[in-house]
Structures are given as structure tokens and as C-alpha cells.
Amino acid sequence: MLILAMAAVCGAVANLVHPRRIAWVEDWGAYIEAQAFEQGLALVPQHQVSQLVEDGSHLIFDARPRIDYDNGHIPGAFSLPYDDLDQHFPEFAPILSPDQGIITYCSGLECDDALLLAAFLRNQGFTNVLLYAEGYEEWQTKGGTP
Amino acid sequence: MNRKTIFRVLVWAARLVLAGVFIVAALPKIGYPHEFAHAIFRYQIAPYSTVNIGALFIPWLELIAAMLLLFAPRWRSAAAIVLMVLLLFFVVMIGVALSRSIDIGCGCFSIDPNAHRIGMLSIYRNLGLLLCGVLSLLGSLSRALVKC
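Protein sequences, first through last, are from chains A and B. Heads up: the first sequence is residues 1 to 146, going by our numbering. Heads up: the second sequence is residues 147 to 294, going by our numbering.
Residues from chain A that keep clear of chain B, each with C-beta distances beyond 12 Å, as calculated:
no., residue
1, A36
2, F37
3, Q39
4, A42
5, Q46
6, Q51
7, S57
8, P75
9, F89
10, E91
11, A93
12, I95
13, Q100
14, N123
15, K142
Computed from the model, here is a short list of chain B residues facing chain A with C-beta under 10 Å:
no., residue
16, I176
17, H180
18, A183
19, R188
20, A192
21, Y194
22, W206
23, L207
24, A224
25, A225
26, S247
27, I250
Just so you know, these hints were derived from the structure itself, not from any lab. C-beta atoms are modelled at their ideal positions from N, C-alpha and C, and glycine is treated no differently.
Bound-form chain B, shown alone (with noise of 0.2 Å):
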């Protein structure tokens, strides 16, 4: 395999896992909006009045940006975009949390409040898919500079 060959097979292995964790994170989500909008709640930062709205918007957000990255070629720079910075959004939240002693459900991929506390290796593991994105992003635009 050449260069060229291993740099594409990076890039779609690290869409794949980063559009593959959006939609197991975003399905429980949608499925139940009150419990995500709790899990939202619980860490003490949004404003009561955005709460919903969010809980509404994020997972919804996370399943377009998935399935665009993984199905619309024209689209995955502004999707690996997208989902970067919803993971930056994550850190932030994760860390401001963490900083305040506040120990409580991620509700990154389950609903539930007591399932995958939050803490380091959440941060983590969102700068690891930070990662992914990056090269899916750098996927699209070398592609894109090759047609220029």
C-alpha cells in the first residue's frame, strides 16, 4: 500500500468511528428527550430555559452531522466541522463539571443518570474523536484541493 492508499483508509476509519459514536450517542437521545434534557440539567451550567431546547436540538444535530459525514460527499467538511465542535462543547462541559466537584451521569451515549460517570477518560476519549475529526476533515480537503 502507498502513502496515498493508507492516508484514505485512516480517513474513513475515522469517519466511520466518529460518525458510528454520534448515532449510538445520538438514538437514546431522541428516543427519550426528557431523561437527556435531565442528564443535561444535572450539570448545573445551561440556563433552565435553554435545557429543553438543547435536549431537543444536540441529538438531532449529532445524527444529521453522523449521517452527512458518512453518506454526502459534498458535505462531510462542514460535518467533521460540526461534530468538532460539539466534541470542543463536550470537553468544555465536561471540564467545567469536573472543576465544580459535580459528579454525575455523562449522558454521552445513555440516558441514564447513573451510567458512565463522568471524568477524565470522558475528556478522553472526546479528544480522541477530536482526532478522528481533524482527519476527516483533512480527508475532505485534500480531496477537494486535488479537484482545484
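Excised from the complex, chain A in its bound form (with noise of 0.2 Å):
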């Protein structure tokens, strides 16, 4: 218990004369929306997808383990995962053009990989890339086709 009170004790003290100190709660359900307001990528609400997917204007990458997009997926989408951009990105890269509509989603609001392929792509020289942020738990529970 000593060791216990000792380590608190240490992490709490190191943190208040910290440079680089953090918040003892952090709201981590917004980490994803902000660091994409941070790095200036467009989000795009659960409506809008469905609009798009039906319009098809837009590529859909799902940026989730292959074993997952083949669990289900948002209609239309592609597996594009961020673990293995390596191996994927290649097979993808010479049909898009820089101008093209691209949405990418993970699991939900606790994933970043949908935010790191979103940030990607735009390096890549994408100026269209939205991010669905809330990704595929939201599209189920809200009415989503799988």
C-alpha cells in the first residue's frame, strides 16, 4: 500500500511542476474531434454519409483491421487500413486523383486510426478528405446499412 501511496504521491507532485503537464481528467471522447480541428481536417456527420453513399461522389476507406471491415462495413466502402498503409495505400493510389471526395471511418470515437489515414491522405496531397469521426458503432445504432 505504501508503494501504492508513494507512486500517487509522486505522479501527482511531478505533475504540477511538470513543463509538459496534463489535465487529471480529460474529456478523451473529444480527442478525435479536436485533434482534427487541430490539423484543420472537415468532419462529417452520420446524414451527410448516408447522403454521400447514396450519391457516390465520394471514395469510403475503412481505416479499421481488414478482420473488422469484413465483420461489416459502411456500403460502398473500401478496406484501407492504417496498420498496413505499406501494403495497401499502392493498390489505391494510382485511381485517385487529388481532387476526389474521400470519407474515412474506424470503429468510433475511441480509434484514431480513421483520424491518422484522414491526416495521410491530405500529405498525400488529397485536398477532399472528411472524417466521420463517431465511424461504424455510430452508423449501426443510428440506422446504417452494414
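Combine both chains into one complex, guided by the hints.
Dropping the structure here:
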């Protein structure tokens, strides 16, 4: 117990004097949206994603691992796992134009693969990248078809 | 060398490995608490309200327990137990993440999200360290028994 208490005290004191101090409690639920805002990435809500799926005007990339994609995904979405970008991105790169509309998503607000993928795509020169931050969890709960 | 000496050497080797690994692991996390909090967040297991508290508490627990294991003979058993509990906790965290196909940086020795991605190797490494913890604990307990 004393070791736990010592660690708690040291952690608390260190955070008070640390040059990179952090909040004791942070709203990690808003982390993805805050990061997207900071990086200048546009967020897209579910109803708009539904509309764009119907229109077929945007390419939709599922940034989750392939196994999750195989278990269900937004209609028309392509699997582009952020963790395997080196392997999979070259398959798509030749067919994408810089102004091609792209939407990225992953599981939801607890994952940042879609955010990282969107940032990657923008760095590759794609100017019309949208992030569906609430991801597949919301798509399922709000009545999107799997 | 007799058996007693071999046992002592093994116990000290185990302590050095275990404490060394935890000290090396704790320092970057203490230096970059928000990056470590992000590593915890990416496991998608901890409630949001506990992420930052965990990021502040765990590295210091690692560091203090490791230092006590090396330099405080009276605290060695307790320190070894704390480190073993931490290792079990890490094994569970990694196991749950792997079972959910979450492919993320381990957050074990580096706060770089793309370094040391979790996998079975991470679990085997922790189990090996757990063995070092058992050996450290046995060493401390056998010494206490001899004193009795």
C-alpha cells in the first residue's frame, strides 16, 4: 500500500511541476474531434455520410483492421487499414485524383485510425478528405445498413 | 559454485533484468505523460476519466517499485509483487486488445504510437519478466525464512 501511495504522490507532484503537465481528467471522447480540428480536417456527420453513400460521389475508406471490415462495413467502403498502409495504399494511389472526395472512418470515437488515415491522405496531396469520426459504431446504431 | 550461490546469482540477475526493464520503460512515460495517456487511450479499454490518472500513476509505480527492488532489501518482496501485478495487468490489457484485433503501439518502452506494436511477442516478453519476478520474490522469501 505504501508503494502505491508513494507512486500516487510522486505522480501528482511531478504533474504539478512538469513542463508538459496534463489535465487530471481529460475528455478523451472529444480527442479525435479536437485533433481533427487542430489539423484542419473536416468532420462529416452520419446523415451526410448516408447522403454521400447514396450519391456515390466520395470514396469511403475503412481504416479498421481487415477482420473488422470483413465483419461489417459501410456500403461501398473499401478496406484501407491504417496499420497496413504500406501494403494497401499503393493499390489505390493510381486511381485517385487529388480532388477526389474521400471519407475515412474507423470504429468510433475510441479509435484514431481514421484520423491518422485522413491526415496521411491529405499529406499525400488529396485535398477533399472528410473524417467520419463517430465511425462504424454510430453508423450501426443510427440505422445505417451494414 | 554450490547450489546456494547459483540461486543467489540467478535471483540477482532476475532482479537486475526486471528492475532495469521497468526503469527504462518508466522514464519516457514520465517525460511525456500526454503521449503515454494517448497510448493508454488507444487500447480502447480504460474509461476516459481514468486515462490521464493512469498515465500519471503507472510510470511512477514502475519506477519506485523497480528502485525498491534493487536498493531496498526490506521492500524487495513487496516491490516484486507490485511489478508482477503490473505485468499481469499489462498481459490482460494486451490480450484484450489483441482479441479485439486492435493493432496499436505497445506503449511499453516508447511513447511513439508506431513503435513496438503489440503482439504475442509482447505477451511472451511479459511472461518472461513475470518469471523474473517470481525468482526475485523467491530470493527475498528464502532470505527471510533463513533469518527466521
